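**Q** From first to last, the protein sequence lines are chains A and B. Following the working numbering, the residues of the first sequence are numbered contiguously, the last one being 303. Following the working numbering, the residues of the second sequence are numbered contiguously, the last one being 554.
Treat the hints with care, as some may be off.
Have a look at the derived ranges for each label pair, beta carbon to beta carbon [said to hold, decoys possible]:
#1 B:S308 / A:R299: 51 to 57 Å
#2 B:V321 / A:H191: 34 to 40 Å
#3 B:A537 / A:G65: 37 to 43 Å
#4 B:P437 / A:H8: 43 to 49 Å
#5 B:G388 / A:E18: 57 to 63 Å
#6 A:R223 / B:V541: 52 to 58 Å
#7 B:R401 / A:E18: 32 to 38 Å
#8 A:H8 / B:S308: 54 to 60 Å
#9 B:A537 / A:R178: 40 to 46 Å
#10 B:A469 / A:E85: 22 to 28 Å
#11 A:H8 / B:A537: 16 to 22 Å
#12 A:Q300 / B:A537: 56 to 62 Å
#13 B:K551 / A:G163: 44 to 50 Å
Subject to a maximum C-alpha distance of 25 Å in a straight line, what follows is the list of computed SDA-like cross-link-like pairs (lysine to any residue) [what the hints assert, rightly or not]:
#14 B:K464 / A:G15
#15 B:K385 / A:R95
#16 B:K547 / A:Q28
Derived by calculation from the structure, the hints in this document are not laboratory data. All figures in this text were calculated on a predicted structure; none of them were measured in a lab. All C-beta atoms, glycine included, are put in the ideal place defined by N, C-alpha and C.
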Amino acid sequence: MTAAIEIHNVVKRYGGFEALRGISFSVQPGEFFGLLGPNGAGKTTLISTIAGITRATSGQVRVMGHDVVTDYQAARRALGVVPQELVFDPFFSVRETLRITSGYYGLHRNDAWIDEILANLDLTTKADANMRSLSGGMKRRVLVAQALVHRPPVIVLDEPTAGVDVELRQTLWNFIRRLNREGHTIVLTTHYLEEAQELCGRIAMLKNGQVVTLEETSQLIGRFKGGTLVFKLSGAPLPADLAARSQPGHPPDGRVRIAVGRYDEVEPILAALRVAGCVIDEMEMTHTDLEEVFLRIMRQEAA
Amino acid sequence: MSGFSTLFRKEILRFWKVVYQTVAGPVISTVLYLLVFSNALQGRVEAFPGVAYTTFLVPGLVMMAMQQNSFANASSSLIQSKVTGNVVFILLPPLSVRDLFGAYVGAAMVRGLAVGLGVLAVTLFFSIPRFVAPLWALAFGLLGCAILGTMGLLAGIWAEKFDQMAAVQSFVIAPATFLAGVFYSVHSLPPFWQAVSHLNPFFYIVDGFRYGFVGVSDVPPLVSLAVVCATLAAVSTVALSMLKTGYKLRH
């Protein structure tokens, strides 16, 4: 089967700086795929390369089997991109903007679909408003709508929920989920890791222009199974064997963190604290989530 | 069905929505030049024997306005898109190099011609222009707008800031169009400046265009046509290859 997106050994250099250092992976049709990484990891550069806005120094990218450089028209027809920057054309209304974008894809009678997108993104009442008059959240919705006018099989969203209120996030994800169920491939970058955890079937993590991990979301979280006991203690110093197992917080907050793989490890820890004379002022147990995994992986890479 | 027609229409709409600024304003300022210069110089200057100064001046002013506005349309559209970031809207869709070139240059020509026709229409109140060879006028009108539209596209691709664009406009386009024999016949210049004028391709556009109106020119119109066509071929080749390689647009 043809991959929705196939990235083969992509390198991008800006002068002496290597933004992408040999990235290879593919996204299969129908996937909901997450692309995560800290700022400057190369996520947007990679997306721009897929979209043909940036040209790779070497390597190939194909969208639905079409090379983004040599067969760019077919590749771009198969791709819808929601850019990260909140950009708009101040000369036009929402509907005019969407009609113009449709026209760029050669679709000149597209109003039925445009109406459907507007309805699904709660934009119908703003259809005839000038782009300039819209709030940031509304402009973001229009950017999403523009990426969908040509019903692309592959949709890439570069931080679509950055600076967006809860209501839009829900509206947006419901619509994107529906498109995914209907067979569209979705690639997402976001800073809200709970969104990625909830939505994405597979996740690639980027750091310094390289893929540091690429796994199914459940496996990724499973790698760091268990949880962390977090204590605030007083009365006596932490016993030596527990002190050896404890980790400082980031940033240090005076609390003691002890990783536990299973619940039956909890009781002996509590007993040891009691024997040592420690008083537990506060205690909680946190479960590993994507955020935790993300931080650990990024720290490992830094070490 | 390609996206050319949509981009072309969008580029026309873009200036049409601010028509006072993009068409009416230039028409008025050109007519002001005409009033002032024709009043000051009529009867005192005879550029060509037997041709009244106003008759000489009108085609030159019309062409200068067409050139400056064709350039302004393509260049301002692109630089605005680049500075505000909405240039991605034309980079993401499957628009071909020819679609982009044709739409930007085509819309620039439409604005140039709209301004030119506007100026001509107003001048009808003063004197009926002569149309000795209308096909020559039409050919040079279209070619002149196409060359300046293409140069506007080039400048729009190259410039990264409004300031750089203003520099091109003030230091290249304004002097080159102003000093292209609009207000005088280059034959009246000292030999050195005559030679310099002959190196300015815009001079041939104005001279050929004026030939279409008054039937007299500094240079044979066929020579001008050859120079103008070669200029268009040269600037188009550069613009098309820039678009093809993605120079300054696709980083």
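**Q** Given the hint that B:K385 pairs with A:R95, does the C-alpha gap stay at or below 25 Å?
**A** Holds, at about 22 Å.
**Q** State, for the Cβ atoms of B:A469 and A:E85, whether the hinted interval 22 to 28 Å holds or is violated.
**A** holds, 25 Å
**Q** Is the Cα-Cα distance between B:K464 and A:G15 25 Å or less?
**A** With Cα atoms ~21 Å apart, B:K464 and A:G15 stay inside 25 Å; holds.
**Q** Starting from the hint 57 to 63 Å, judge whether the C-beta atoms of B:G388 and A:E18 obey it.
**A** violated, 25 Å
**Q** Starting from the hint 37 to 43 Å, judge whether the C-beta atoms of B:A537 and A:G65 obey it.
**A** Given range 37 to 43 Å: holds, Cβ gap about 39 Å.
**Q** Between A:Q300 and B:A537, does the beta-carbon spacing fit 56 to 62 Å?
**A** Distance hint for A:Q300, B:A537 holds at roughly 57 Å.
**Q** Could you say whether the range 43 to 49 Å given as a hint is met by the Cβ separation of B:P437 and A:H8?
**A** violated, 59 Å
**Q** Can you let me know if the beta-carbon spacing of B:K551 and A:G163 is within 44 to 50 Å?
**A** Hint violated: Cβ distance 29 Å, outside 44 to 50 Å.
**Q** Can you tell me whether the CB distance of A:R223 to B:V541 sits inside 52 to 58 Å?
**A** holds, 55 Å
**Q** Can you let me know if the beta-carbon spacing of B:A537 and A:R178 is within 40 to 46 Å?
**A** This hint is violated: roughly 53 Å between Cβ atoms.
**Q** Take a quick look at whether B:K547 and A:Q28 sit within 25 Å of each other, Cα to Cα.
**A** violated, 31 Å
**Q** Is 34 to 40 Å right for how far apart the beta carbons of B:V321 and A:H191 are?
**A** holds, 38 Å
Checked against the numbered hints above, the structure breaks hints 4, 5, 8, 9, 11, 13, 16 and satisfies the rest.
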